[in-house]
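There are 2 protein chains.
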Amino acid sequence: MSMEVTNNYIAIKSHIDGNPKESDFEIKSDPLVLSVEPNSNEIIVKNLYVSIDPYQLNRMKSFSSSQKASSYAVALAPGQVIDAYGVGKVVASGNPEFEKGDLVVGLITWGEYSVLKGEYMLRKLDPLGFPLSYHVGMLGFSGLTAYAGFFEICKPKKGENVFVSAACGSVGNLVGQFAKLFGCHVVGCAGSKKKVAFLKEKLGFHDAFNYKEETDLKATLKRYFPDGIDIYFDNVGAEMLEAAVANMKIFGRVAVCGVISEYTDAGKRAAPDMMDVMYKRITIRGFLVGDHFNIHSDFISTTVDHLQTGNIQVIEDISTGLESIPLAFIGLFRGDNIGKKMVKIADE
Amino acid sequence: MSMEVTNNYIAIKSHIDGNPKESDFEIKSDPLVLSVEPNSNEIIVKNLYVSIDPYQLNRMKSFSSSQKASSYAVALAPGQVIDAYGVGKVVASGNPEFEKGDLVVGLITWGEYSVLKGEYMLRKLDPLGFPLSYHVGMLGFSGLTAYAGFFEICKPKKGENVFVSAACGSVGNLVGQFAKLFGCHVVGCAGSKKKVAFLKEKLGFHDAFNYKEETDLKATLKRYFPDGIDIYFDNVGAEMLEAAVANMKIFGRVAVCGVISEYTDAGKRAAPDMMDVMYKRITIRGFLVGDHFNIHSDFISTTVDHLQTGNIQVIEDISTGLESIPLAFIGLFRGDNIGKKMVKIADE
Numbered sequence: 001m002s003m004e005v006t007n008n009y010i011a012i013k014s015h016i017d018g019n020p021k022e023s024d025f026e027i028k029s030d031p032l033v034l035s036v037e038p039n040s041n042e043i044i045v046k047n048l049y050v051s052i053d054p055y056q057l058n059r060m061k062s063f064s065s066s067q068k069a070s071s072y073a074v075a076l077a078p079g080q081v082i083d084a085y086g087v088g089k090v091v092a093s094g095n096p097e098f099e100k101g102d103l104v105v106g107l108i109t110w111g112e113y114s115v116l117k118g119e120y121m122l123r124k125l126d127p128l129g130f131p132l133s134y135h136v137g138m139l140g141f142s143g144l145t146a147y148a149g150f151f152e153i154c155k156p157k158k159g160e161n162v163f164v165s166a167a168c169g170s171v172g173n174l175v176g177q178f179a180k181l182f183g184c185h186v187v188g189c190a191g192s193k194k195k196v197a198f199l200k201e202k203l204g205f206h207d208a209f210n211y212k213e214e215t216d217l218k219a220t221l222k223r224y225f226p227d228g229i230d231i232y233f234d235n236v237g238a239e240m241l242e243a244a245v246a247n248m249k250i251f252g253r254v255a256v257c258g259v260i261s262e263y264t265d266a267g268k269r270a271a272p273d274m275m276d277v278m279y280k281r282i283t284i285r286g287f288l289v290g291d292h293f294n295i296h297s298d299f300i301s302t303t304v305d306h307l308q309t310g311n312i313q314v315i316e317d318i319s320t321g322l323e324s325i326p327l328a329f330i331g332l333f334r335g336d337n338i339g340k341k342m343v344k345i346a347d348e
Numbered sequence: 001m002s003m004e005v006t007n008n009y010i011a012i013k014s015h016i017d018g019n020p021k022e023s024d025f026e027i028k029s030d031p032l033v034l035s036v037e038p039n040s041n042e043i044i045v046k047n048l049y050v051s052i053d054p055y056q057l058n059r060m061k062s063f064s065s066s067q068k069a070s071s072y073a074v075a076l077a078p079g080q081v082i083d084a085y086g087v088g089k090v091v092a093s094g095n096p097e098f099e100k101g102d103l104v105v106g107l108i109t110w111g112e113y114s115v116l117k118g119e120y121m122l123r124k125l126d127p128l129g130f131p132l133s134y135h136v137g138m139l140g141f142s143g144l145t146a147y148a149g150f151f152e153i154c155k156p157k158k159g160e161n162v163f164v165s166a167a168c169g170s171v172g173n174l175v176g177q178f179a180k181l182f183g184c185h186v187v188g189c190a191g192s193k194k195k196v197a198f199l200k201e202k203l204g205f206h207d208a209f210n211y212k213e214e215t216d217l218k219a220t221l222k223r224y225f226p227d228g229i230d231i232y233f234d235n236v237g238a239e240m241l242e243a244a245v246a247n248m249k250i251f252g253r254v255a256v257c258g259v260i261s262e263y264t265d266a267g268k269r270a271a272p273d274m275m276d277v278m279y280k281r282i283t284i285r286g287f288l289v290g291d292h293f294n295i296h297s298d299f300i301s302t303t304v305d306h307l308q309t310g311n312i313q314v315i316e317d318i319s320t321g322l323e324s325i326p327l328a329f330i331g332l333f334r335g336d337n338i339g340k341k342m343v344k345i346a347d348e
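For the record, the sequence lines run as chains A and B. Under UniProt numbering, the first sequence has 344 at position 344, and the numbering climbs by one with no breaks. Under UniProt numbering, the second sequence has 164 at position 164, and the numbering climbs by one with no breaks.
No wet-lab data here; the hints were simulated from the structure. These numbers come from a predicted model, not from an experiment. One thing to keep in mind: the hints can contain errors.
Because identical chains cannot be distinguished in the list, a pair is counted as satisfied if it fits within a single copy or across any two copies.
Below, in silico cross-link-like pairs of lysine to any residue (SDA-like), each with a Cα-Cα straight-line distance of 20 Å or less [as the list claims (entries may be wrong)]:
| hint | residue 1 | residue 2 |
| --- | --- | --- |
| 1 | K13 | F98 |
| 2 | K218 | A271 |
| 3 | K249 | V289 |
| 4 | K249 | V74 |
| 5 | K268 | E242 |
| 6 | K344 | D291 |
| 7 | K155 | D291 |
Using the sequences and the hints, build the whole thing.
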C-alpha cells in the first residue's frame, strides 16, 4: 500500500507583464500517491533545493511577448507546474537507472514533489562531500554557465580586462572569480554600496562600482578601464551594453548571458554603436548553458579543485520553505540577492 | 634632368557632416618632379585606377565625430592628399624592390600621381591576364572583404540561408555570388527595382527585394526567409540589422562589414533584440579586411578559378578622369552605383 500525500506547488495565476509581484503567484495542491508502475520510466522526487533564476520570467509572459523564446524555454501556462533546476531525493522509481533514496540533480519543480514522466533531465548526484546546495548553484547550472560563458564564449587571455555586470548575481560572481583566478583584471558592477563592498572585500574583484550612482555609464567605464575592456560578460543588456561596446578594445568580446533589463520591460533595447563593432572587430555572442554540457566534467573537476584549495568562494542566498518561492523570485528583479538565490524546500 | 609635372589631386575643403556634396571637395595642384633619390625608399606612382568606397567618409568627419575610428582609419585633414586603394605604374623608384614601369597595387591616392615615402602599402602587380580594373575590385580589397567576411566570419555551411544587404554594392554582389557558388540559398536587398532585377537576372541571386518599397522589414524578411536566416552579411546597420536578428535561426551569424546608415547620420543606431541574440545564440561580429591578408593567396587562386570558368561575374561601375572622383563618391550614398565603383585616372 502506497502513501498518499498532498503535493503543494507554485504556479502563476495569469501571464506576467513587467515586474513580477506576489499576487501573480499561488500555491496549488494535488493529491499524490508516492508510487509508480515498475518499468513505467516514471520517477517521483522529493524536492530538497530549487534554483530561482531570472530567465523563468520569460516563460511566464503571454505567448505574444515570449514566442521568440518558446522554442528554447517552454512557455508556462497559468496553473501549471513550473520546472526548475534543483536537487532532490528519489521516493519512487519506474526507471531502472534510479533507486528509491538516490540523490538526484536536474530539472525538478517548484513544488514539494516532482513527478517526472516521458523525457526528463535528471542524473544521480554524488555530493562529493559538499553541501547539497552547492550542486544547485556553484556546481550546477549557474556554475557551468559562468564557466562555459567565460572560457568558451569569451576566450580569455591572461592579463585581459574583464567587466562583469550583475556581478553579485549567481553567474556574475563566479565569472569574476574565475576571471581573477585565470589572471585577468576584473571589475564588476552591482546595484548597491553593500554589493560593491562585497565584491571588492569578499570576492577580491580588482574594482567595482554601483551603477545606480552613475549618470554617464560610458564615462564611468572609461574611468574604470582607461585602457579599454577586452571582455564584457553581459547579464543586463540596455545602456550597460552600449557603454561597454563604446569602451571596448580592438578584438573585444561580449558574452550575452542575460538581458535582465528586457525581461521586465519588453520595449527596452540596447543600441550599441555598430561602427565600434566594425572598426574594433568586436564579437557579440549569445549563449545558453545547454549547449555546453560537453565541458561539464572539465568544469566539475576544475571547480572542485578550486573549492578544495579555498580559491573560490561559494556565495549563496537561501530562503526556506516552498511558500517563500514567489518572494525569492520577485526579489531577483529588485536586486535583493547576493550570490546564488535558491529555496530549501525540505531536509534530506 | 627630371621632368616636372603638375600633380592634381582631390581634397576635402572642410570636414564633412552628413551626406557628402560637391562643394565639400576641391581639386588641388602641386608641382611634382618625377624623380627620387636612389635608395631613399621613396616611390612615385602614376595612378591608373582608384577605388571609391563608403568608409572614406568616416575619415572625412571632424575629429570629435570620427575619433572612434581614428586609430584604425587615419582621419583626413582639409587640403590633405587622400590615400585610397588602387592600381598604378611606377615612374620613379628609390626602393630596390620596385622599378620604373612596374605595375603596382595598394594604397595610392585620389590624385594623378602618388608620392609614397616612409611606410607604404604597395606590391607589384601581375595582372594574370585580367583587366587592371579587376585588381581594384574583384581581385582587390572588395573581393578579399567579401571572401574573408563570408568564409572566415560567417563560416557558412552548404544549404544555409544567406541574406545580404546593399547586395548590388562592391562587396555585397560578391558575397552573394560566393554564397551561391558555395551552395547557399541567397537573398539580397537593394534600393531600386533596376537593382533587384539585376540581382535576380544577372547575378543569379535566388531572390531579391527593394527595401524602399517595404514598410515592415521584419515581415519582409519573414516572407523571404520563412524558415529563418542563418547568415546575415550586413553592410548597412540600423533597421535592417534589427529585422535580420529578429528573423535569424538558432546559431545564426551576422558579419558587420559596413554601417552605411551611420556614416551619414551619426545618431542612427541599430537596436537588435538581445533576447533574440541570447536565446538563439546569435553571433554578431565586426571585421576589417586588413586582418585577413593571411588568406590572400587562397582568395586569389579561388577567385581566378571562378573567373576563368565564368562562374563569377565582375560588376564594375567606372567613371573617368580625376575630376569625376567627388561625384563618384557622393553617388555611393545615393545608391547610384551597381557593382564596384572606381575612377579611371589615366591610361596605362
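Structure-based check of all given hints:
no., hint, result
1, K13 with F98, "neither (34 Å within a copy, 79 Å between copies)"
2, K218 with A271, "both (13 Å within a copy, 17 Å between copies)"
3, K249 with V289, "between (26 Å within a copy, 18 Å between copies)"
4, K249 with V74, "between (37 Å within a copy, 17 Å between copies)"
5, K268 with E242, "both (12 Å within a copy, 14 Å between copies)"
6, K344 with D291, "neither (28 Å within a copy, 52 Å between copies)"
7, K155 with D291, "both (16 Å within a copy, 18 Å between copies)"
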